[in-house]
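Novice: Full structure from sequences and hints, please.
Chains as they are written, first to last, in the working numbering: chain A, 20 to 141; chain B, 766 to 833.
Hints are computed from structural coordinates only; laboratory data are not their basis. Treat the hints with care, since some could be wrong.
Unchecked claim - Taking lysine-lysine pairs in the DSS-like style, the calculated list, with each CA pair at most 30 Å apart, reads: (1) A:K111 / B:K779; (2) A:K52 / A:K27; (3) A:K27 / A:K117; (4) A:K111 / B:K772; (5) A:K132 / A:K117; (6) B:K772 / A:K52; (7) A:K117 / B:K779.
As the list claims (entries may be wrong) - Some chain A residues near chain B, calculated using beta-carbon distances under 7 Å: (8) S21; (9) V24; (10) V60; (11) L63; (12) A106; (13) G129; (14) K132; (15) V137.
On a predicted model such as this, the values are computed, not experimentally measured, just so you know. Glycine is no exception: its CB is placed at the ideal position from the N, C-alpha and C atoms.
Listed below are the residues making up each chain.
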Amino acid sequence: MSHIVEIKTEVRDTVGVRAACDRLRLDPPVEGKTRLFSSEVEGLAVRLRDWRYPVVFQTATGEAQYDNYNGRWGDQSRLGLFLQAYAVETAKLEARRKGHSVTEQSLTDGSIKLTVQVGGAV
Amino acid sequence: MTTSTPKTIEITVKPDGSTSLETRGFTGSECQAASRFLEQALGATASERLTSDFHQSVAANQQTTQQR
Chain A
20 MSHIVEIKTE VRDTVGVRAA CDRLRLDPPV EGKTRLFSSE VEGLAVRLRD
70 WRYPVVFQTA TGEAQYDNYN GRWGDQSRLG LFLQAYAVET AKLEARRKGH
120 SVTEQSLTDG SIKLTVQVGG AV
Chain B
766 MTTSTPKTIE ITVKPDGSTS LETRGFTGSE CQAASRFLEQ ALGATASERL
816 TSDFHQSVAA NQQTTQQR
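Specialist: What follows is the structure, given as structure tokens:
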């Protein structure tokens, strides 16, 4: 062990968003203007399962905009699972781009653990 | 003959999307350089903790330098 870092996941990579949508069997994201309940916003829109309105990601800043009326128009946990899928797929893409091998493991608490072998496969 | 620990980066992503990253098998500050590309790709660093292995290798380097 050398260092441990806690990271707040920010959605900034369109390729990662597409991969997360594939992983969760959601419709592909749509770039452009999206109507939410109280406003119209521009960004990358993802339609989560059973959500009334899409979640719109500003990939330039990592911010997400959505109207789910405190859970009444969409279960907040589904957004968490999307962020999990995004982080997993983005980490895998980045590690493989660097030539490292990656293995994935599901943990009993619902977490997903990736092990990146620096320098590639043994 | 000595065997070295494989260099790995472990990333754990919780169901709410929060992520922790841990490096293993690196010496000194090379762990930070090795994982930086992942940290930057995933988002904003909320906290960072250096482990005993990091400090031990830094201390060893300082001791070697003083003996010269």
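Novice: Each hint should be assessed against the structure and marked as holding or not.
Specialist: Going through the hints against the structure:
1. A:K111 / B:K779: Judged against 30 Å, a Cα distance of about 16 Å means the pair holds.
2. A:K52 / A:K27: Holds, at about 26 Å.
3. A:K27 / A:K117: holds (22 Å)
4. A:K111 / B:K772: Cα-Cα ~16 Å, so holds.
5. A:K132 / A:K117: Between A:K132 and A:K117 the Cα gap is close to 19 Å, so the pair holds against 30 Å.
6. B:K772 / A:K52: violated (44 Å)
7. A:K117 / B:K779: Since the Cα atoms of A:K117 and B:K779 sit roughly 24 Å apart, the hinted pair holds (cutoff 30 Å).
8. S21: Holds: closest Cβ of chain B sits about 3 Å from A:S21, inside 7 Å.
9. V24: Since chain B brings a Cβ to about 5 Å from A:V24, closer than 7 Å, the hint holds.
10. V60: Constraint on A:V60 not satisfied, violated at 20 Å.
11. L63: violated (16 Å)
12. A106: Since chain B brings a Cβ to about 5 Å from A:A106, closer than 7 Å, the hint holds.
13. G129: A:G129 check passes; min Cβ-Cβ to chain B is 4 Å, inside 7 Å.
14. K132: holds (5 Å)
15. V137: holds (4 Å)
Violated hints for the displayed structure, listed by number in ascending order: 6, 10, 11.
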